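**Student:** Residue numbers (our numbering), protein chains in the order written: chain P, 323 to 650; chain L, -3 to 580.
One or more of the hints may lead you astray.
Calculated pairs, EDC-like style, for lysine to aspartate or glutamate (alpha carbon to alpha carbon, straight line, at most 20 Å) [as the list claims (entries may be wrong)]: (1) L/Lys89 with L/Glu253; (2) L/Lys421 with P/Asp358; (3) P/Lys425 with L/Glu253.
Listed next, the stretches of chain L that the computed footprint assigns to chain P, with coverage defined by at least 3 CB atoms under 8 Å from CB atoms of chain P [to be verified]: (4) 34 to 43; (5) 258 to 266; (6) 475 to 487.
In short, the hints are calculated from the structure, not lab data.
In this text the structure is predicted, and so the values were computed from the model without any measurement.
The C-beta atom is built at its ideal place from N, Cα and C for all residues, glycine as well.
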Amino acid sequence: MLRFLLRRLMWFAITLFCVVTISFFMMRSVRGGPFDGERALDPAIERNIKARYHLDWSLPKQYFQYIGPLNLDEHRAELFGGDGAKPFGGVLTLEFGPSFKYKDFTVDQIISQSLPISALLGMVAMMWALALGVSAGIASALKRGSRLDLAMRIAATGGIALPNFVIAGFLIIFFVFMLPLLPVAGWGSVKHMLLPGFALGAPYAAYIARLTRTGMLEVLSQDHIRTAHAKGLAPKTVIMRHALKGGLLPVVSYLGPAIAGVLTGSLVIEKIFKIPGLGTHFINSALNRDYTLAMGVTILFTVLIYSMNMIVDLAYTMLDPRIDLEDM
Amino acid sequence: MAPFVLLAGLFVGALYLASSARLDEADFTFNNATEVATLDPARVTGVPEGNIIKALFEGLVVKHPKTLAPMPGMAESWSVSEDLLTYTFYIRKNAKWTDGEPVTADDFVYSWERFLNPATAAEYSYQLWYVVGAEQYSKNVNENGAPKNSFDSVAIKAKNKYTLEVKLNSPTPFFMDLMAFYPMFPVSRKNIEEAQAKWPNNNEWEMQWLRPENLVTNGPFTVEYRRVNDRIRLKKNPMYWDADNVAMNTIDALTIEQAGTALNTYLTGSTHMIPSVLPSLIPTLMEREDFEPAAYLGTYFYRVNTTKPPFDDKRVRRALALTVNRKDIVEKITKAGQLQAFGLVPPGMSGYVPASFQGAGEAAAKAEANALLIEAGYGPGQKPFPTMEVHYNTSEAHRDIAEVVAQTWRDTLGIDARLQNQEWKVYLDTQNNLDFDVSRSAWIGDYPDPNTFLDMFVTGGENNKTGWGNPEYDRLIRESASEPVPAKRLQILHDAEAILMDELPIIPIYFYVTQNMVAPRLGGFYDNIQDEHFPKFLYWMNDEELAAKRAAQPGVWTIVKDVGPSEGLYAPSWTGPVPIPSNN
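This is chain P alone, in the form it adopts within the complex (with noise of 0.2 Å):
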């Protein structure tokens, strides 16, 4: 377990570093810079303004400076030459610097406002696929071949062929214009969460749908489910107790990429819904130029993305005590 664990936070550190140095070094070679606008900007303006961000020093420089953890500036530690007014600074001392667009925010601030809000979504669109999709799939599995279960997986594949916007623009003509009974668009009580929450997890429903129904079909036809039947349990017991334990396994390994992709594919549906998420800065930060915001943001989510796969990883032996850390 020690071994495992060990292991998997080297590759996380290597990863983590490939990731914040290919991005940084990309980001600054795009076309066009922070501070470009449809206005032009006096000359002394614009020193002034790449001073304040140190777009004036060398790549390198800049990029030793964002790593951190030893500040470069003029406030640099005193052994070095600087005021020691700050010795430290950068990504290793968790400081993402500031906004380039947004001026009276640093990364830090805007992800810890942003960060919980895409969480809950995410969560919330996680409750709809997990709920929606293990029930449907068990019903199709425990039906196999009825009316209910061609419907169900008529459904499924409707979710998954169907981009999450569509079913947001026909949850809205329902549920706001025709039944006015939910807020269009908004953050800030349950009620604002339902809709955007069903459109993200619906794709993933719809997946989690078929392998719950696939897995369950598996186990129902092994011997020890048979013997539990044999043994004149309810039915009801069987599925619950024996049965469902074996068939999510698919499901489980499936959460990690799914809530992985929840987190990180919430943008359109947050600007659909104006939710305040993180999904809208990856793409909007990207188009700004905000350097320090979409670096936080690319190794924010890389660090989610890797966390989940590797808590999936855990869960798994806890569900299937035939797997071994040591093998993976």
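Fit chain L to the known structure of chain P by using the hints.
**Tutor:** Structure of chain L alone, referenced to chain P:
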């Protein structure tokens, strides 16, 4: 079972998180379209920022909501010397910052010094360069980027605590408009200096003084709550000198970027004003009483790269300009009543006669264009016209227009014109480097005077971006700046525009209109040429006033649902019936 326990746990967690950030509905909610870059008046340039800063801060004057004439703000009154060069402002003694300190002439001196200092990096600082010594102060910098001149060399002086004197280089008829322009609004010296003392490292004070809990303002509203990409909640400022004439207690400025989403929120009543709509819906919306596009001080045009053959030939540029199918563009694409443009300066500047390059009728224009191309050496029997690109930033509306333009050039002139779209920042880079043939552009006037459009095209001007220059044009623009007689000055500007329309480094396409959707019950919101709306004037009409307003409007409009309080929401000092502010 485990997944369901997990689900239940997640749900409880979700409810908990959701309940923590709930605000009551604001009196007035509008879509501010994009997140503001900063709340610092000196460092902003955009309309969304302006909307917020006009609520938080107040300049020497504010603009009348309907006529845009200057009305007393921080200045109770003002006087102008006979040579139109010296402006004296008398600051009102009852104006206070939210920390209780009085607003003084010194606050303006401090704020404008900060605004002009290149270290502040105020993008709009050139707007104060009409003041004696200001341009030199901003531009002459030492190797650290700090100004070489002392601020004493700039003619902005506090004569006493409440008297501010400003001397201009030359008569500037729009100077009072600039005084109501948000970059010139004052900030509290104490506010900034305290932050500088408390957070000296790494410019952290630059963010700290603007935090809602630290920010000191002098305008009708204060910031109650702010979340990036969500909203700014404004709350009425009880310390504001004219608080008795402010009706709204709370205002929400939302940042909805998608026009479709914004319209949805408007149609369901959760926003009361949205600044733009989906172009495809305009014909439907035009019938509604709450959508009434009005003339706006903006021009949509194409820049031509005059450094690159064949576009260095003015005959070619004229041929291209003559054949653009403006009628199709305004009738079939923009559809909100935009006017076809044959000049750079939009109509509606009082006293100004715009210049135009317009040909005589469509057929004649076509014949003339073809003749010009032949004269320039292109066409049948001569060298073929090279393939050209119409460059624009990625957007559906710009693409549709570029398609029409390219198509007409193909059909009428036989030019192989192709489309080239680029993402915004790359597009700007291409434009700055003159790496295009013709490129989509637009300009929104900063103040209602032709100069805001015309001074853009002086030789080597930062916003010229066409490579074009004309000494006579430069001379006229310079001369207009020192001409004290208004009518003469406008004539000089007209002559300059005539040169521009003769040489055509730009191809005008249409003049903008506003596209606000405004709740019918909202009062104090008027169409004006700058689409400028000071939030202090907004209020809700009661049923009686709304009925009177509707009775006065032409009958062809569809009446829509009137959101807002039926009893109205008026300022404390309101005595009725229709509180249009008087025009001093």
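**Student:** Are the hints correct? Go through all of them and say.
**Tutor:** Do the hints match the structure? See the list:
For the proposed pair L/Lys89 and L/Glu253, the alpha carbon gap of about 41 Å is over 20 Å, so the pair is violated. For a cut-off of 20 Å, the pair hint linking L/Lys421 to P/Asp358 stands: about 7 Å separates their Cα positions. Pair hint P/Lys425 plus L/Glu253 holds up; C-alpha atoms about 19 Å apart against a cutoff of 20 Å. Counting residues of the segment 34 to 43 of chain L whose C-beta sits closer than 8 Å to any C-beta of chain P gives 5, which meets the bar of three, so the coverage hint holds.
Restraint check on the segment 258 to 266 of chain L versus chain P: 5 residues with Cβ-Cβ distances below 8 Å, three needed, restraint holds. Here's how the segment 475 to 487 of chain L fares: 0 of its residues keep a CB closer than 8 Å to some CB of chain P, so the rule of at least three is not met and the hint is violated.
The earlier numbered hints that this structure contradicts are 1 and 6.
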